[in-house]
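> Modelling step: build the complete structure from the supplied sequences, incorporating the hints.
Read top to bottom, the protein sequences are chains A and B. 328 is the number that the working numbering gives the last residue of the first sequence; the numbers go up by one with no jumps. 506 is the number that the working numbering gives the last residue of the second sequence; the numbers go up by one with no jumps.
No wet-lab data here; the hints were simulated from the structure. This structure is a prediction, so every number in the text was calculated from the model and none was measured. It is possible that part of the hints are untrue.
[Stated by the list, open to error] Computed list of lysine-lysine pairs in DSS-like fashion (alpha-carbon distance at most 25 Å, straight line): (1) A:231 - B:493; (2) B:47 - A:321; (3) A:231 - B:188; (4) A:258 - B:493; (5) A:312 - B:46; (6) B:493 - A:321.
Chain residues, written in single-letter form:
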Amino acid sequence: MACRSPPSLIQAMQSLRLGPSVSCLAAQPAYLSRPRRQARSYMTDAVDGTETSEAADMSVMTDVNQVKAAPPIKLQEINPGNPNVQGLRIVPASPAYFSGNPRFIDQMLELETIQARYAALPTILADDAPRMAWLKIGQLREHLGEIIPVKKYKALLKILQRLNRIKPEMQPDEVRSTIETFVRPGNPFAVQHVPRPVDEHGRARGKGKRKESSAVVQLVEGEGEIIINGKSLVDVFHRVHDRESALWALRCTQRIDKYNAWITVRGGGLTGQAEAITLAMARALLLHEPGLKPILRKAGVVTVDARRVERKKPGRVKARKMPTWVKR
Amino acid sequence: MVSSWCWSCLSRLRPTPRALPPPSAAPRITSAPFHSTAIQLAQPAKKKGPSLTTAKHRQGHQVRRKNKKPVENPVRPPAAGERKALRKRIVLSNPNALEVKGMQDLSPGTMIDGRLRGTVLGLPVPLLDQLRAVQAFKPKQGWSIFRRPGTIMRHDTIEMGRLFEKISADGEGAQKGQVVKKIISGAKGTGKTVHLLQAMTMAFLKKWVVIAVPDAHELVAGVSGYAPIEGTNPTQYTQPAATSALLARTVEANREVLSNLQVSQQHPALTALKPSSTLEELASLGFQDPAIAWPVFQALWTELTATAAAPGMEKNFQPRPPMLVTVDGLAHWMTDSAYRTADFSLVHSHNLIFVKHFLSLLQPGQSPLKNGGLLLYATSTSNNPSVYGLNLGLEQLAARQAGISPSSPEYPQPFAFSGVDPRVMDLFKPAETSSAKEGPLEVQTLGGLTRDETRGYMEYFAQSGLVRQVIDDHWVSDKWSLSGGGIIGELEKLGRRVQNVQTATN
Numbered sequence: 001m002a003c004r005s006p007p008s009l010i011q012a013m014q015s016l017r018l019g020p021s022v023s024c025l026a027a028q029p030a031y032l033s034r035p036r037r038q039a040r041s042y043m044t045d046a047v048d049g050t051e052t053s054e055a056a057d058m059s060v061m062t063d064v065n066q067v068k069a070a071p072p073i074k075l076q077e078i079n080p081g082n083p084n085v086q087g088l089r090i091v092p093a094s095p096a097y098f099s100g101n102p103r104f105i106d107q108m109l110e111l112e113t114i115q116a117r118y119a120a121l122p123t124i125l126a127d128d129a130p131r132m133a134w135l136k137i138g139q140l141r142e143h144l145g146e147i148i149p150v151k152k153y154k155a156l157l158k159i160l161q162r163l164n165r166i167k168p169e170m171q172p173d174e175v176r177s178t179i180e181t182f183v184r185p186g187n188p189f190a191v192q193h194v195p196r197p198v199d200e201h202g203r204a205r206g207k208g209k210r211k212e213s214s215a216v217v218q219l220v221e222g223e224g225e226i227i228i229n230g231k232s233l234v235d236v237f238h239r240v241h242d243r244e245s246a247l248w249a250l251r252c253t254q255r256i257d258k259y260n261a262w263i264t265v266r267g268g269g270l271t272g273q274a275e276a277i278t279l280a281m282a283r284a285l286l287l288h289e290p291g292l293k294p295i296l297r298k299a300g301v302v303t304v305d306a307r308r309v310e311r312k313k314p315g316r317v318k319a320r321k322m323p324t325w326v327k328r
Numbered sequence: 001m002v003s004s005w006c007w008s009c010l011s012r013l014r015p016t017p018r019a020l021p022p023p024s025a026a027p028r029i030t031s032a033p034f035h036s037t038a039i040q041l042a043q044p045a046k047k048k049g050p051s052l053t054t055a056k057h058r059q060g061h062q063v064r065r066k067n068k069k070p071v072e073n074p075v076r077p078p079a080a081g082e083r084k085a086l087r088k089r090i091v092l093s094n095p096n097a098l099e100v101k102g103m104q105d106l107s108p109g110t111m112i113d114g115r116l117r118g119t120v121l122g123l124p125v126p127l128l129d130q131l132r133a134v135q136a137f138k139p140k141q142g143w144s145i146f147r148r149p150g151t152i153m154r155h156d157t158i159e160m161g162r163l164f165e166k167i168s169a170d171g172e173g174a175q176k177g178q179v180v181k182k183i184i185s186g187a188k189g190t191g192k193t194v195h196l197l198q199a200m201t202m203a204f205l206k207k208w209v210v211i212a213v214p215d216a217h218e219l220v221a222g223v224s225g226y227a228p229i230e231g232t233n234p235t236q237y238t239q240p241a242a243t244s245a246l247l248a249r250t251v252e253a254n255r256e257v258l259s260n261l262q263v264s265q266q267h268p269a270l271t272a273l274k275p276s277s278t279l280e281e282l283a284s285l286g287f288q289d290p291a292i293a294w295p296v297f298q299a300l301w302t303e304l305t306a307t308a309a310a311p312g313m314e315k316n317f318q319p320r321p322p323m324l325v326t327v328d329g330l331a332h333w334m335t336d337s338a339y340r341t342a343d344f345s346l347v348h349s350h351n352l353i354f355v356k357h358f359l360s361l362l363q364p365g366q367s368p369l370k371n372g373g374l375l376l377y378a379t380s381t382s383n384n385p386s387v388y389g390l391n392l393g394l395e396q397l398a399a400r401q402a403g404i405s406p407s408s409p410e411y412p413q414p415f416a417f418s419g420v421d422p423r424v425m426d427l428f429k430p431a432e433t434s435s436a437k438e439g440p441l442e443v444q445t446l447g448g449l450t451r452d453e454t455r456g457y458m459e460y461f462a463q464s465g466l467v468r469q470v471i472d473d474h475w476v477s478d479k480w481s482l483s484g485g486g487i488i489g490e491l492e493k494l495g496r497r498v499q500n501v502q503t504a505t506n
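Take a look at the structure:
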């Protein structure tokens with residue numbers, strides 16, 4: 001472990017050259033605060049600090065094809081008191097320096113150490129572990145500034161998942177903080193969906209989707225008046241079938257004369273719109289009367305129908321249909 | 001594909017459970033059914049026969065063609081006009097339907113009775129021929145699913161009954177002999193045409209003269225002959241065949257009234273007319289010879305609106321009854337017609353003198369019906385040509401009814417560059433002088449039934465044997481919401497519909 005060994009003068013120099021060291025990287029809270037690409041930032045730093053604007057233009061022209069070398073290290077200037085400068089050898093900060101992706105390897109080694117250290121701690125089932133939004137492979141590549149193959153990324157994830165399975169109340173701070181550096185900012189999965197209650201005007205809002213349609217239903221207590229996109233139910237749905245579908249949640253619970261609905265529905269065709277309203281209406285009704293859930297579930301209006309049109313494939317006439325066979 | 005199901009045949013509406021096809025034969029519905037449509041109404045699955053596309057790939061295949069002889073159709077094609085007659089056929093009774101016990105008839109007594117609101121009253125049987133003559137019934141109004149024709153007494157109907165009562169008051173009422181002009185508006189299926197039918201029935205009951213244009217579109221669709229009138233600018237056109245048909249309908253429907261009234265004015269244009277003839281004979285001149293139909297119609301109109309006899313003809317003069325004039329489908333008269341002028345440009349509907357006559361009745365200050373009466377012109381807001389001028393005119397009428405002055409900024413004005421038709425806008429101009437005998441033009445919008453009326457209407461279906469569910473408040477509310485707030489045409493569809501009872505009741 002290079003970063004754990006006592007830093008020598010040379011290693012300090014080396015870390016100066018490399019910018020923020022690997023150990024610093026692990027301590028940073030969020031990956032977004034880091035520069036996007038390390039290689040590019042060296043270039044711009046050098047240009048901004050030393051060159052004139054003319055030279056900057058030239059370097060912009062040339063930096064696409066040429067990799068500019070780092071400035072030579074002048075050991076004498078940095079440590080003038082040491083007479084034995086010539087005997088010093090430049091050693092990379094990380095033993096993985098000459099591998100393809102040293103930062104990643106350092107991370108892996110650290111994670112493996114942690115995993116070995118806390119292997120004895122009790123774990124929970126994977127299903128019960130808190131759901132974490134790990135950095136995706138692209139984000140991790142950007143985070144480390146290295147090209148990481150998928151296989152290695154999966155290995156990393158495996159260790160992270162194992163660490164995440166440690167019983168939460170016994171999880172050491174070290175594990176927790178290490179894990180957090182690999183989680184997407186904000187941890188989207190940690191955000192629990194909180195259903196909005198019925199508001200102060202007595203409105204419950206429900207959204208639903210079906211096929212290409214999406215519907216929003218505002219449900220208030222009333223006498224069974226329905227307005228869809230500012231029109232009456234009859235003007236929107238000419239088929240009785242569709243009208244029944246739209247009001248099915250209210251009908252099967254015998255609530256049709258207890259509520260008024262103000263509905264906005266967009267996209268798709270008539271059947272899709274009607275069934276999007278079904279779902280939205282059921283969700284809005286559940287906010288008013290959560291006890292109706294078993295009945296609505298049995299009526300089939302709680303389950304989301306996630307089917308969408310299957311895509312057309314190349315070489316086929318439609319999604320599955322093959323072209324007509326021709327002899328020659 | 002046309003379903004083999006007969007909507008109007010009650011014997012098949014309720015197949016017994018034994019007659020139902022086994023579940024395996026019916027198409028399987030995999031997802032949750034959010035509807036109560038009976039499974040028998042589903043379209044049969046397509047038969048998968050051998051076709052070219054079912055061949056496997058890389059397999060020998062030959063197109064097999066049978067040498068089919070063209071099949072000679074053993075059934076002769078229908079005769080000319082037969083299919084149209086079938087389409088236009090009006091069936092007013094169905095012996096399979098149950099008879100509703102204690103159903104009252106529409107009569108001068110019941111048509112003003114507020115307690116009967118929400119009940120279905122039968123149309124008086126002796127009047128049915130007259131109503132058929134003025135083409136008051138339309139083919140798709142569902143008369144054929146009941147034992148006898150009947151209409152519901154809704155709020156608007158009772159109000160109209162009271163209006164009839166006031167106009168034809170026997171004593172000297174305040175509104176006796178008044179002219180009331182109304183444009184009936186409303187969405188599809190709200191009962192505008194049936195409202196006109198109810199008005200005609202009431203008029204016949206009150207011994208009024210009924211002049212009805214059952215389909216305004218026919219007059220401008222270019223389906224009957226027309227001829228220019230010499231010396232008019234812009235050129236106006238008569239429609240002899242249409243006028244003659246109107247006269248025939250009017251005589252057929254009002255024979256009893258017209259045969260008791262005698263000619264009381266001079267008609268120099270009609271040489272064949274005897275001074276002692278009745279109005280029925282006068283009108284029959286027109287449909288015997290379509291060439292003079294228009295002068296005859298004018299003469300008939302003069303006679304019916306006369307308040308006194310011409311000098312020298314007072315002998316047999318009787319006071320003329322009030323008149324009911326109805327037009328169905330007013331919007332078709334607000335655009336160009338399908339007729340062409342000599343230079344092949346379109347004739348505006350207002351240049352057809354027949355149309356012009358009926359439209360001029362709407363204009364204020366003309367006092368068209370001197371003996372009083374009612375003008376009811378219905379227009380749909382759903383299935384009609386969209387005429388900006390008419391819509392704006394109706395908005396202006398509604399604004400005036402709501403008490404907004406025409407000089408107010410809230411009064412609806414045409415958009416700039418909208419190119420609104422000035423002839424249409426002239427119809428809706430406010431009256432400059434108000435007269436006691438002539439009310440202002442009003443617009444009456446028909447909406448849905450109330451819940452109580454809906455209940456009465458659906459109970460009528462149940463008593464006729466069409467609905468087998470228990471009619472309770474919940475069921476009625478359900479139907480009321482499904483019909484878009486009691487739209488009566490939609491309620492009728494729901495009432496006659498076969499329901500999947502198991503699904504609907506769970």
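> Now tell me if each hint is right for this structure.
The hints, checked one at a time:
no., hint, verdict
1, A:231 - B:493, "20 Å, holds"
2, B:47 - A:321, "18 Å, holds"
3, A:231 - B:188, "13 Å, holds"
4, A:258 - B:493, "24 Å, holds"
5, A:312 - B:46, "24 Å, holds"
6, B:493 - A:321, "40 Å, violated"
Of the numbered hints listed earlier, the single one contradicted by the structure is hint 6.
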